[in-house]
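Undergrad: One-letter residues, chain by chain:
There are 2 protein chains.
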Amino acid sequence: MQRYFSKEKIDNRFVLSDDDIYHIRTVMRMKDNDEIIVVNDKKAYLCCLENVKENIGIIIKKELEKIDYNTPEITLIVPILKEQKMDLILQKSTELGVSKIIPILTKRSIIKLKPSDYDKKITRWMRIVKEASEQSHRVDIPKINDILTIKELQNLEGFKYVCSTKEKSKNIKLVMKNVKNCDRINLVMGPEGGLDEKEETELNKIGFESITLGSRIMRVETVPLFLLSVINYEFME
Amino acid sequence: MQRYFSKEKIDNRFVLSDDDIYHIRTVMRMKDNDEIIVVNDKKAYLCCLENVKENIGIIIKKELEKIDYNTPEITLIVPILKEQKMDLILQKSTELGVSKIIPILTKRSIIKLKPSDYDKKITRWMRIVKEASEQSHRVDIPKINDILTIKELQNLEGFKYVCSTKEKSKNIKLVMKNVKNCDRINLVMGPEGGLDEKEETELNKIGFESITLGSRIMRVETVPLFLLSVINYEFME
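Residue numbers (our numbering), protein chains in the order written: chain U, 1 to 237; chain S, 1 to 237.
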């Protein structure tokens, strides 16, 4: 069943955005009495449509049961990558339960964004995680943070790790065994060429422990999928 | 460093395909004495080029150290999906160490291939896994099996699982704890609408145990990435 996020609830009705109403009317061609699911304030509701063609009404029929995923809040800290890779990361990490994405500026990023383009990019990324949240039946949408530098990552709470290629780093399995019962995990990944050594040292200084993901050589966009799969798995009951 | 697979070794030289020689000469514009890595018979060698412009020679300098991944042989059994999703699965599961892909025909596949198109598709898939193997520095290339029906899956050896949405199925974490020290794992995943109930029952009858991947709703192309990430993680030392 089609799902939409709503920001406003008035009595037993929801208000949807113009884009969503266009989607219901024109893309999905829904009719009166058709059912949709509307998510509001982290709860999902079965709703039914009335008067679709004119002043559409979205009427609550019942609240749906909540699914508990057991996973902690996961913040993924990711360099700005080429559009296709960035989109894939946003979509897949939303499916796999990421809570927040912090885009960061790193030395080896191939993409050099002008600060004047930041807002446009963030709007695009917000649209992608919203759509992925609907498709994966989430009751929340991952937050997209403003673009930060590495220095600005110093006040994050929770467990903090940076994906490293240094041989001496602990592997993620050793580390994950210690993060049971944690509320928040922050994970930094590097761009295609990896983080610069100075950047990794800077992260280590502000509390990010270097970890490796084993000996496989993964493309940059595979890294967050691996990380999030493993966290979901480790917190599975 | 650029990597190529070679099927033939003559004394201290490798023979590469015409495509790879075109890539070296025209795409990479390499010169005499440039180095490449050539993989032959599951071993990787540092090589150096001579006489690039005319009768190119690929001379072995030394054999490179082998990386041990500890993972069992993984066969991924996957319905025929739309090209973009199929390509992503092939690329990413190669990165994550799949040994063999068996494409299968399922009732709910949207894609209906004509048998006359099978060979063309298989050639395309073989090219994708070859390129992904080079990029992820593998010393072997996943095998692409002929397209099979579910009935034809009955003689596979090793542990056998089918991804299910049935609530009663065990979750993958419970199952993975029992597959230590195993040589082979066979994993069936369904198409977008899932496997038909009869298909799942048929698989159960020929030894495939139904498992769930937790409560997250993943797109079809995310499933193999999750499965392979988790197996890599579980077999990490």
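For the record, the hints were derived by calculation from the structure and aren't laboratory data. Among the clues, some could well be false.
One copy or two, either will do: identical chains are not told apart, so a pair holds if it fits within one copy or between any two.
[To be verified] Cut-off 20 Å, straight-line C-alpha distance, at most; resulting in silico cross-link-like pairs (EDC-like, lysine to aspartate or glutamate):
#1 166 <-> 35
#2 168 <-> 68
#3 9 <-> 119
#4 61 <-> 202
#5 168 <-> 237
#6 31 <-> 8
#7 166 <-> 237
#8 168 <-> 65
#9 107 <-> 18
#10 170 <-> 34
#11 82 <-> 63
#12 112 <-> 83
#13 205 <-> 65
#14 177 <-> 234
#15 43 <-> 152
#16 85 <-> 73
#17 173 <-> 237
#18 143 <-> 63
#19 143 <-> 65
#20 82 <-> 65
#21 205 <-> 68
#22 166 <-> 65
#23 173 <-> 19
#24 121 <-> 54
#25 166 <-> 68
Undergrad: Does each hint fit the structure? Answer for all of them.
TA: Hint check results:
For a Cα distance limit of 20 Å, the shortest separation of residue 166 from residue 35 qualifies neither inside one copy, at 53 Å, nor across copies, at 24 Å. For the identical chains of this complex, residue 168 and residue 68 are inter-copy neighbours only, at 17 Å across copies versus 36 Å inside a copy, given an alpha-carbon limit of 20 Å. Proximity of residue 9 to residue 119 under the C-alpha cut-off of 20 Å is found in neither arrangement, the shortest distances being 28 Å within a copy and 55 Å between copies. Neither within a single protomer nor between protomers do residue 61 and residue 202 lie at most 20 Å apart by alpha-carbon distance, with minima of 53 Å and 38 Å respectively.
Taking the shortest alpha-carbon separations for residue 168 and residue 237, only the inter-copy value of 14 Å comes in at or below 20 Å, while the best intra-copy value is 31 Å. Within a single copy, residue 31 and residue 8 get their C-alpha atoms no closer than 22 Å, and across copies no closer than 64 Å, so neither meets the 20 Å cut-off. Proximity of residue 166 to residue 237 under the C-alpha cut-off of 20 Å is restricted to the inter-copy arrangement: shortest distance 16 Å between copies versus 32 Å within a copy. For the identical chains of this complex, residue 168 and residue 65 are inter-copy neighbours only, at 18 Å across copies versus 46 Å inside a copy, given an alpha-carbon limit of 20 Å.
In this homomeric assembly, residue 107 and residue 18 never come within 20 Å of each other (Cα to Cα): the closest approach is 40 Å inside a single copy and 37 Å across copies. For the identical chains of this complex, residue 170 and residue 34 are neighbours neither inside a copy (53 Å) nor across copies (35 Å), given an alpha-carbon limit of 20 Å. Taking CA atoms no more than 20 Å apart as the test, residue 82 paired with residue 63 passes in neither setting, with 40 Å inside one copy and 35 Å between copies. Taking the closest pair of Cα atoms, residue 112 and residue 83 come within 20 Å of each other only inside a single copy of the chain (12 Å); across copies the shortest separation is 31 Å, beyond that limit.
In this assembly of identical chains, residue 205 and residue 65 lie within 20 Å of each other by CA distance neither inside one copy nor across copies; the values are 44 Å within and 33 Å between. Taking the closest pair of Cα atoms, residue 177 and residue 234 come within 20 Å of each other both inside a single copy (8 Å) and across two copies (12 Å). In this assembly of identical chains, residue 43 and residue 152 lie within 20 Å of each other by CA distance neither inside one copy nor across copies; the values are 33 Å within and 45 Å between. For the homomeric pair residue 85 and residue 73, neither the shortest alpha-carbon distance inside one copy (23 Å) nor that between copies (28 Å) is at most 20 Å.
Both within a single protomer and between protomers do residue 173 and residue 237 lie at most 20 Å apart by alpha-carbon distance, with minima of 17 Å and 8 Å respectively. In the homo-oligomer, the alpha carbons of residue 143 and residue 63 never lie at most 20 Å apart, since the shortest distance is 24 Å inside one protomer and 48 Å across protomers. Taking the closest pair of Cα atoms, residue 143 and residue 65 never come within 20 Å of each other, the shortest separation being 24 Å inside a single copy and 43 Å across copies. Neither within a single protomer nor between protomers do residue 82 and residue 65 lie at most 20 Å apart by alpha-carbon distance, with minima of 38 Å and 33 Å respectively.
In this assembly of identical chains, the alpha carbons of residue 205 and residue 68 never lie at most 20 Å apart, being 35 Å within a copy and 32 Å across copies at closest. With identical chains, the CA atoms of residue 166 and residue 65 are at most 20 Å apart between copies only, with a shortest distance of 18 Å across copies and 45 Å within one. For the identical chains of this complex, residue 173 and residue 19 are neighbours neither inside a copy (43 Å) nor across copies (40 Å), given an alpha-carbon limit of 20 Å. In the homo-oligomer, the alpha carbons of residue 121 and residue 54 never lie at most 20 Å apart, since the shortest distance is 34 Å inside one protomer and 48 Å across protomers.
For the identical chains of this complex, residue 166 and residue 68 are inter-copy neighbours only, at 17 Å across copies versus 36 Å inside a copy, given an alpha-carbon limit of 20 Å.
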